[in-house]
Amino acid sequence: MATATADRGRPWRRRSAVPGLGLTLGVTVSILSLVVLIPLAAVAARALSLSPETFGRVAFSPRAVHAYALSLGTALIAAGINAVMGVLTAWVLVRYRFPGRRLLDALVDLPFALPTAVAGISLATLYGPNGWLGAPLARAGITLANTTGGIVIALTFIGLPFVVRTVEPVLRDLAADVEEASASLGATRLQTLVRVVAPALAPAWITGFALAFARGVGEYGSVIFIAGNMPYRSEIAPLLITIELEQFDYAAASAIALVMLGLSLGLLLVVNAGQAWMKRSTQA
Amino acid sequence: MAYEPGEPTPAGLSEGRNLSPGRPSLPSVPRAPLAIRVEGVRKSFGRYPALDDVSLDVRPGELLALLGPSGSGKTTLLRLIAGLDFPEAGDILFDGADVTFAAAAQRGVGFVFQQYALFRHMTVAQNISFGLDVRKRGSRPSAADRKARVEALLKLVELEGLGHRRPAQLSGGQRQRVALARALAVEPRVLLLDEPFGALDATVRKSLRRELRRIHAATGVTTLFVTHDQDEALELADRVAVLNRGRIEQVGTPSEVYAAPASAFVAGFVGEANRFEGTVADGLFRSGAVRLPAPGVEGPAVAFVRPHTVRLAAGPGQPDAVAATLSRQVANGPVTRCEARLADGRDVEFVLDHAAAEALPPPGNALWLTFAVGHVFAVG
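Chains A and B, in that order, give the protein sequences. Residues in the first sequence are numbered consecutively from 1, following the numbering used here. Residues in the second sequence are numbered consecutively from 1, following the numbering used here.
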């Protein structure tokens, strides 16, 4: 590996005044391995111990495929809602001073702090057939509890802070003079928003969207109370994994988990690639 | 207008503003330069008054500098004229029409920000074209005309061939040129620049100054720029408005402001000066051994003596010679800058040409100085 001729033999090691690359990288890789990589590898190993036929049967059963579609679909919709609402919330928090702003600021973080089961039970009670919101909605012919809609609501709740907290600092740093320049050049408010503010915000916005989406795909606690969990209708993939685990079918649980893992990783890679492309095209 | 004769005028950017001969011209009418009147304007931020009853007349086509220390209100005044802020009292008139509360977009101003404020996600060409691109369909020039206009402006600010770059790929001076071209693209009736060279290094600043002068001559647009750099104001502007603590202290040509300062503040702020505190009696200012003629002033006063008016005296016998000890001398370009300490401990700066500096004793030795002319203002 390392040769005696200092750095020349180790081109990967650049001389730098920033201290501690070796130590910090070592700690990072160790922790990541222990906490993330090794458990994930174990999941993969467990799943791949199944014969290909069994894996296919278990991992792509109609019930499982439906659960994947439901999990990914609802997570995408919820992340989409959050992308819009989160930017609005961040905008309000950054650009305006009003009574109760700090309270609102704190409320945004609540979904981070609240046990998801508590959120799930509250939402189920609120939107249930007899709930404060569920009852009027039911009279209007809208049922949310035990439907896809209910799942979206739960995922929107837990995903909101991700968008707000990623967009907020960028919005704060976006110098007011750029917006003023746009206005002085004759742009309307809408043109300034669409042509100047939105492009500057886009990278952080996509990150927030990706985080909210990733959280939604894996979310379990808050969803199961409001979803009703009917197979082929409102059963999410994480729940299916739990069901397999409760039946002590660890291999089947791992197989479904592996598919989820692949799907999420693939989607996040796509989002990251898109973001990197955008960054290159705007800042290069 | 005192434009330097013989300044090159890029084709089409003068009066008629048909940017590219041979191409269809932009749908614009030739306009006479704009006159701006500011009347009794007040603006405060919280309890702090940024502008206090400020009035100013800007003549059509002139290049006027708003000069003052930080916090003097000069940027605030510029922003009020641009429509980026609005006054609490007073009026702003463009050619006699009240625009006090008109939106920035309606005023036809070009604003150049200190930190450039370029759109980072757009290319240089897209930045310059922005003001034309956002126009309503009816008044928007065709794509070909916009492209031609961008090319002409890139040529004007000497950035030809860089239209496809992003702002991040340009140096500070180049970015400021882009900002200037972007502001000029909308054919502003007035060009406003907020500390346009403040963030640039000395060499670039100097060349951009000349550039601005040339562009101003080429476009003839009424131009105001804010600066805290007196050299910049004196070198560049047709007239200078000196601001202090939210008030205009003096408006005049660079030579008027320098040679005949209207107040103690202007005398101290514009140009270098030795400051003496003393009293005037019978038309003579006295401060220790320093004496200066002070017609029309009486009582406690402050005097400003430019370093280049201080002379070496032959010896103690010469009338009004003041004894001093030379502390330092530095050859600085064409002159020698000297520092001496008077007998009463006050330091004095003076400037000699190299020939006169030959007569100086080594530092630490005694010499005699005469103070013949100064600007004397009553205090209090």
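The reader is advised that the hints may include incorrect statements.
Using C-beta positions, here's what the derived DEER-type ranges look like [as the list claims (entries may be wrong)]:
no., chain 1, residue 1, chain 2, residue 2, range
1, B, D53, A, R95, 30 to 36 Å
2, A, S122, B, F86, 29 to 35 Å
3, A, R172, B, D91, 32 to 38 Å
4, A, V18, B, F101, 40 to 46 Å
5, A, R102, B, D347, 37 to 43 Å
6, A, L23, B, Q106, 58 to 64 Å
7, A, M230, B, Q106, 45 to 51 Å
8, B, S70, A, R95, 23 to 29 Å
9, B, R137, A, R102, 52 to 58 Å
10, A, R172, B, P295, 41 to 47 Å
11, A, T188, B, P60, 44 to 50 Å
Cβ-to-Cβ under 7 Å is the rule here; a few derived chain B residues that face chain A [as the list claims (entries may be wrong)]:
no., residue
12, F86
13, F101
14, A105
15, A117
16, H121
17, G131
18, V330
19, G333
20, V335
21, V373
22, F377
23, V379
In case anyone wonders, no lab produced these hints; they're calculated from the structure. Since the structure is predicted, the reported quantities are computational estimates derived from the model, not experimental observations. Virtual Cβ for every residue (Gly too), placed ideally from N, Cα, C.
Comparing the hints with the structure gives:
{"no.": "1", "hint": "B/D53 with A/R95: 30 to 36 Å", "verdict": "holds, 32 Å"}
{"no.": "2", "hint": "A/S122 with B/F86: 29 to 35 Å", "verdict": "violated, 47 Å"}
{"no.": "3", "hint": "A/R172 with B/D91: 32 to 38 Å", "verdict": "holds, 35 Å"}
{"no.": "4", "hint": "A/V18 with B/F101: 40 to 46 Å", "verdict": "violated, 52 Å"}
{"no.": "5", "hint": "A/R102 with B/D347: 37 to 43 Å", "verdict": "violated, 54 Å"}
{"no.": "6", "hint": "A/L23 with B/Q106: 58 to 64 Å", "verdict": "holds, 60 Å"}
{"no.": "7", "hint": "A/M230 with B/Q106: 45 to 51 Å", "verdict": "violated, 60 Å"}
{"no.": "8", "hint": "B/S70 with A/R95: 23 to 29 Å", "verdict": "holds, 26 Å"}
{"no.": "9", "hint": "B/R137 with A/R102: 52 to 58 Å", "verdict": "violated, 45 Å"}
{"no.": "10", "hint": "A/R172 with B/P295: 41 to 47 Å", "verdict": "violated, 58 Å"}
{"no.": "11", "hint": "A/T188 with B/P60: 44 to 50 Å", "verdict": "violated, 30 Å"}
{"no.": "12", "hint": "F86", "verdict": "violated, 13 Å"}
{"no.": "13", "hint": "F101", "verdict": "violated, 14 Å"}
{"no.": "14", "hint": "A105", "verdict": "holds, 5 Å"}
{"no.": "15", "hint": "A117", "verdict": "holds, 4 Å"}
{"no.": "16", "hint": "H121", "verdict": "holds, 4 Å"}
{"no.": "17", "hint": "G131", "verdict": "holds, 4 Å"}
{"no.": "18", "hint": "V330", "verdict": "violated, 36 Å"}
{"no.": "19", "hint": "G333", "verdict": "violated, 37 Å"}
{"no.": "20", "hint": "V335", "verdict": "violated, 40 Å"}
{"no.": "21", "hint": "V373", "verdict": "violated, 44 Å"}
{"no.": "22", "hint": "F377", "verdict": "violated, 38 Å"}
{"no.": "23", "hint": "V379", "verdict": "violated, 40 Å"}
The structure fails to meet hints 2, 4, 5, 7, 9, 10, 11, 12, 13, 18, 19, 20, 21, 22, 23 from the earlier list, while all remaining hints are met.
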